[in-house]
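Got chain A sorted already, so can you dock chain B onto it with the hints?
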Amino acid sequence: MSAQRTAPIVEPGHSFGTVTDKISAIVLGKRTPRGWWIGFAVAFSVLMVFQTAVGYLLIKGVGIWGINIPVGWGFAIVNFVWWIGIGHAGTLISAILLLLRQTWRTSINRFAEAMTLFAVACAGAFPLLHMGRPWLFYWLTPYPNTMGTWPQFRSPLVWDVFAVSTYATVSLLFWYVGLLPDLATLRDRARVRLAQKAYGFLAMGWRGSAVHWHRYETASLLLAGLATPLVVSVHTVVSFDFAVGVIPGWHTTIFPPYFVAGAIYSGFAMVMTLAIPLRKYYDLEDFITQRHLDNMAKVMLATGLIVAYGYMMETFMAFYSGDKYETYMILNRWKGPYAGAYWSLIACNIVIPQLMWSRRIRQNVAVLFVISLIVNVGMWLERFVIVVTSLHRDFLPSSWGMYYPTKWDWFTYIGTFGLFLTLFLLFIRFLPMIAIFEMRGLVPESREKGKA
Amino acid sequence: MAQIFHPSTNTISRVSIYGSLAVLLVLSFALYGLSSSPYFTDVDLAKDQPVPFSHRHHAGELGIDCRYCHTSVETSSFAGLPPTQTCMTCHSQIWTNSGMLEPVRASYRTNRSLEWVRVNALPDFVYFNHSIHVHKGIGCTTCHGPIAEMALTWKANTLQMSWCIGCHREPEKYVRPRDQVFNARYEPPSRFHPVTAMGREYTDQDAMGAVLVKAYKAASLTNCTTCHR
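Read top to bottom, the protein sequences are chains A and B.
Using our numbering, read the first sequence as starting at 1059 and increasing by one per residue.
Using our numbering, read the second sequence as starting at 10 and increasing by one per residue.
The reader is advised that the hints may include incorrect statements.
[Claimed, not checked] To give a feel for the contact side, a few chain B residues facing chain A, derived at Cβ under 7 Å: (1) ILE13; (2) SER44; (3) GLN169; (4) MET170; (5) SER171; (6) ILE174.
Honestly, the hints are just simulated from the structure, not real lab data.
All of these numbers come straight from a predicted model, not from anything done at the bench.
We put the CB at the ideal spot given by N, CA and C, even for glycine.
For reference, chain A alone in the conformation it holds in the complex (with noise of 0.2 Å):
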């Protein structure tokens, strides 16, 4: 039987009392762990780097950026699709799979949605900062102006505001809400009077009555129905961003379901990649267990075939087609002088993944942890590729350019990593990582299957 074979959910041994202690402990604990604080005095100083990327880049203008015609989009644009792109698992693992019953998801939904509203903020930086001037961005939104006009509707980059905007707050909505129940918990754990005041601020009155338990059903069911679209539509409206462009490589109809497959395999890698070290570190193996890491390589394996029957199909497309700017465009992929782009990416996000086809490798924590780096390296490598040899070679040959990152590029890049981590140090220092009622839900179920 599978049950035999397949690790549980949570290990067998835990009552609802070792449940709740084992994950409000890490939140309560007197004492801050030595390894959080190196890890935030790491990110902290990256942080700092973004700061200052920001700060040059707001007195000087995007000018020391390596952005110039033909390729305009640089940097910016790529980092905005890849972090956009790794925040869509955390929605995935909290709508799709909660409508679909996926009770594995429990003890992950938590932190990836974390993961998913830090992405988001990282994401959101790089337009902003890539319009020159920032300080006008509500220029995008549609309200009573003295100019007398509205946002361009017709251009997805104003979709892009909706789609974001939406997808941030039903986010912030889903997570919070979540959270409540739990936030209850830690304000009736914590011994010190500001913590107590602090959760218990935050729980709104929580106290786990029953019309309260019917409400947040209801309420988490209505979020999950709103964000389940939201998984979908944000990155195919992002890859609209593209295909409505009349730019070889970018103007096809294959786009948004290859982006939104590659935005699932991207997050479901960042969500690895957070959840082994973290796992490991706070002790959680009990509660993110292999069959976790099963399960999610198996999604990943699944979305990073779908994104390699996209380039297939981008390839074939280009040939089938006849057009000679399209055939050109591949040609230059492959030979081109960002051929090296082009071959690592296929490399990471088709051949390496292949690997975890096999059992063994699916149940190596060391290999998937790798795998899964390679994972987001591919996919940034993708963006890159798609952003910049399109634009670099189109048309005209006589306006062929050839883009080069500037030191700021990097800064500003490497510097949203301070973002996204020091926020994710915060939140799990002061928020429980994972979802205690939740799991607490689990405990029986393990107590029959842990017997199997």
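The following block gives chain B in isolation, referenced to the frame of chain A:
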């Protein structure tokens, strides 16, 4: 365990949730009001000038044509400010001892221009051309207001983009016959004040506007690059 919060917290949190929404709403209305108020736009504020020049007296009561002083309005983007010599064509003969006009005479003697305070100014990122507007039947008072009533000159319109584009989207609501462009006391056609255009009498702006827009080829130019070149 003691209560963490006083019972009043319920009320406080309700008030602060709805209160902050209300504050946001009020704030956005206030900002919108401020951006269209004379405090921000200078509309209706008569400005002090080195010489208290009165358009009411010169253009209204005396009936001097606009182009007597603003000479380049039909041929150039800039309507032109008169040199002191233009003032002196009359003021070397009349009001020669007026104290009020001493800065004008001083300017004439020393050959240094009078420094008028600009009332209507567009930002540098806007391309604007007087001659084309005048040629397409847009009168002076359409934009500059009742100039024949202004003792000291004030700005009659905000010159905000929404105002420009309002006319660019519907020029037929503002266009007038070419021979009326420099009439400082022009009134749009009505039952009591019919206007003659192209040899016909009109009692209604909509009918006349439609004909004039066609005749003058006054296209509704709303492309960004029309003004932001």
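Hint-by-hint comparison with the structure:
no.	hint	in the structure
1	ILE13	holds (5 Å)
2	SER44	holds (6 Å)
3	GLN169	holds (4 Å)
4	MET170	holds (4 Å)
5	SER171	holds (3 Å)
6	ILE174	holds (5 Å)
No hint from the list above goes unmet by this structure.
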